[in-house]
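Now for the letters of each chain:
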Amino acid sequence: MNALLELDNITQIFKWHNKPVRAVDGVSLSVDEGETLCLVGESGCGKTTIGKIACGLRKPTAGRVLFQGKDIWTMNKSDFARYRLGVQMIHQDPYASLNPVQTVSQILSAPLEHHNLVKNRTHLRDRIYELMDTVNLTPIEDFYDKHPHQLSGGQRQRLSIARSLTVNPSVIIADESVSMVDVSIRVSLLKTMASLRDKLGVAFLFITHDLAVAKYFAWNGRIGVMYVGRVVELGRTPDVVNNSEHPYTRALLGAVPEADPNLTRTKERIALRSQDIPSLLALPTGCTFHPRCPLFVEGTCDRIEPALLATSPTHEVACHVATGKVVERERAA
Amino acid sequence: MPTPALNDPWPEIPSDVVLAVRNLSVDYRARRGLVKAVRNVSFDLHRAESIALVGESGCGKTTLGTALVRLLVKQATIRNGHLYYQRGERKMDVVDISPEELRQYRWAECAMVFQGAQNAFNPVLRISDQMYDTVRAHGPANKAEVRKRGMELLRMVQLDPGRVIDAYPHELSGGMRQRVLIAMSLLLDPQILILDEPTTALDVITQRTIIDVLRKLKTQLGFSLIFITHDLSVAAELADRIATMYAGTIIELGPADAMFYNPGHPYTAGLIHAVPTVTGAYEELTSVEGSPPDLIDPPPGCKFNPRCAYAIDACRADEPMLAPVGPSHLAACIRTDAVRADLRERGLIHPEQIGMVR
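Line order of the protein sequences matches chains E and Z.
Quick note on our numbering: the first sequence kicks off at 1 and runs consecutively.
Quick note on our numbering: the second sequence kicks off at 334 and runs consecutively.
The hints are simulated quantities; they were obtained by calculation from the structure and are not laboratory data.
Computed from a predicted structure; not experimentally measured.
Honestly, I wouldn't trust all of these hints.
Claimed, not checked - So the derived label-pair ranges between C-beta atoms look like this:
1. 33(E) - 501(Z): 24 to 34 Å
2. 133(E) - 623(Z): 13 to 23 Å
3. 678(Z) - 116(E): 37 to 47 Å
4. 503(Z) - 331(E): 50 to 60 Å
5. 406(Z) - 130(E): 21 to 31 Å
6. 619(Z) - 133(E): 53 to 63 Å
7. 273(E) - 410(Z): 30 to 40 Å
8. 615(Z) - 111(E): 44 to 54 Å
To be verified - Straight-line C-alpha distance at most 25 Å; calculated DSS-like pairs for lysine-lysine:
9. 369(Z) - 407(Z)
10. 267(E) - 369(Z)
11. 407(Z) - 267(E)
Don't be surprised by glycine CBs; every beta carbon is placed ideally from N, CA and C.
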């Protein structure tokens with residue numbers, strides 16, 4: 001195991017009207033070379049904050065971010081520059097994340113020239129052609145001199161992917177990168193990203209609220225399920241979607257409508273005791289899920305916060321009942 | 334405004350049809366020309382049924398929805414067509430009624446919940462006052478009675494009426510506001526409820542609550558539902574019938590089961606095979622390649638032919654009409670047999686699953 005990017009016990013506290021808000025609380029995750037790790041969860045669970053912390057856009061309140069084993073906030077300048085190139089991000093909104101006055105070729109050449117990644121004009125042009133070909137922005141001549149507004153949402157997102165590839169990253173952080181494109185072309189974008197992983201060995205930290213997309217994209221990887229700032233279940237994708245152990249994951253899976261009438265009518269539903277996601281300003285004691293949890297055990301779940309425990313070598317769950325062991329989580333400082 | 338012939342006879346419409354849409358076309362004026370956003374749409378909405386309108390963005394589903402309540406923006410015109418509405422002895426062609434009749438039709442006969450409207454409440458009015466304003470705009474209203482009816486409806490959408498009725502919108506979460514809106518839309522007891530993307534931008538568990546609430550309300554109150562969605566799984570869950578829209582027109586319409594397990598149009602099949610399910614084994618998926626056509630200058634023949642793997646010369650000549658491809662199932666495709674044979678060979682359709690559950 002050689003973790004390429006590692007988050008070690010990350011905590012992020014925001015201030016809201018001078019009150020602390022624990023958006024992320026003691027999260028540890030790692031992404032290996034060429035691996036896909038998917039983070040799923042409802043809005044406000046901290047998944048986007050994790051993405052920002054992982055690509056160095058935000059320094060966490062506590063915890064370390066390690067790139068190739070080195071802490072990015074203490075590493076020297078040249079290592080940090082290497083980290084910045086090695087970890088790239090694809091944003092959610094392809095309408096907002098591209099410069100509207102630049103053409104496709106300008107958008108792609110800027111990072112190549114800035115980082116001295118090309119020798120001369122011919123090399124630059126070749127590299128742009130290669131990138132556009134990689135992301136299927138073809139026929140290349142048709143797109144080369146176009147502006148973003150002349151492209152469809154899917155084509156823009158392809159351009160965003162190509163731009164992230166200019167600097168040969170080893171990890172791409174994709175935050176809801178396909179949620180704004182039509183279902184009809186979503187799959188082909190996911191396939192393009194999967195081919196980067198399979199052919200170029202790029203690792204992905206893929207953040208989504210859509211469990212079906214997570215399953216499709218990360219089938220050979222892992223899924224981490226987040227709930228109000230914590231990881232509650234982490235395991236290989238087939239295990240998480242088909243044999244989930246945490247009651248929250250099971251409730252999520254049971255709640256998702258399926259694009260298959262018979263399946264959606266017969267699937268198991270988990271009734272929650274409450275519909276409300278707790279406020280980050282007033283989190284419940286013990287397990288933060290206990291006011292909604294169908295497995296709630298009084299005296300345990302409302303007092304002791306469960307640690308993320310391994311139930312198999314590849315599966316971790318933070319639930320006293322599901323793991324059958326009551327182990328309290330060590331609190332970060 | 335179109336000028337329907339004064340003596341248009343009331344057509345033959347079965348009594349369980351609440352709204353019969355006939356040859357409805359809507360244009361938008363744009364600088365480049367007329368955008369034919371809705372073209373020749375006809376369908377019947379039966380009492381207490383739910384129809385899902387599905388399709389890519391820009392296919393005309395929202396325009397069609399807003400046309401049904403005649404709330405189109407001023408650049409849009411209903412070029413032709415009829416909207417025959419009937420409730421008992423009350424019959425009207427919504428395309429051809431006076432402004433006052435139209436005001437009474439909206440909300441009291443046919444209510445619409447717009448996309449993202451949960452963020453469009455008046456922020457300085459309590460929910461009870463917003464409800465009262467609605468009722469008052471449609472006739473005499475008694476504050477206490479409106480409040481009572483409002484609380485009853487809030488209970489039906491699984492909200493705590495005591496807590497919600499006097500709340501300000503900002504005190505409620507997005508999912509709660511969406512449920513308040515559904516409750517408000519039913520205040521005047523409409524026969525038809527139109528919902529535009531009712532679950533988009535809501536979290537999974539909230540989405541589930543909305544779906545369950547809608548299904549229960551529909552059984553309790555017996556209204557008919559048209560919901561617009563890009564999410565096929567919501568359609569699978571909530572629709573009795575599904576209508577696929579492409580380039581402004583309905584290209585396939587049928588029972589939800591039949592649409593999923595034995596689609597007759599390659600575009601519907603393409604959409605279904607582009608959406609992963611959450612539980613179960615991994616399945617290979619394929620996109621519908623290409624982009625939707627320009628609605629100002631659409632291609633000749635079937636509008637889907639440039640993206641269709643099954644297109645032949647005849648597809649580029651004439652636009653196909655909706656024709657039966659199964660029980661209560663229509664598709665506008667001359668290649669249905671070839672499409673189904675191919676999909677069956679590749680194990681992509683499962684007609685045997687129709688009607689297996691419920």
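Hint check results:
{"no.": "1", "hint": "33(E) - 501(Z): 24 to 34 Å", "result": "violated, 52 Å"}
{"no.": "2", "hint": "133(E) - 623(Z): 13 to 23 Å", "result": "holds, 19 Å"}
{"no.": "3", "hint": "678(Z) - 116(E): 37 to 47 Å", "result": "violated, 54 Å"}
{"no.": "4", "hint": "503(Z) - 331(E): 50 to 60 Å", "result": "violated, 33 Å"}
{"no.": "5", "hint": "406(Z) - 130(E): 21 to 31 Å", "result": "violated, 45 Å"}
{"no.": "6", "hint": "619(Z) - 133(E): 53 to 63 Å", "result": "violated, 21 Å"}
{"no.": "7", "hint": "273(E) - 410(Z): 30 to 40 Å", "result": "violated, 52 Å"}
{"no.": "8", "hint": "615(Z) - 111(E): 44 to 54 Å", "result": "violated, 35 Å"}
{"no.": "9", "hint": "369(Z) - 407(Z)", "result": "holds, 15 Å"}
{"no.": "10", "hint": "267(E) - 369(Z)", "result": "violated, 41 Å"}
{"no.": "11", "hint": "407(Z) - 267(E)", "result": "violated, 45 Å"}
In summary, the numbered hints that this structure violates are 1, 3, 4, 5, 6, 7, 8, 10, 11.
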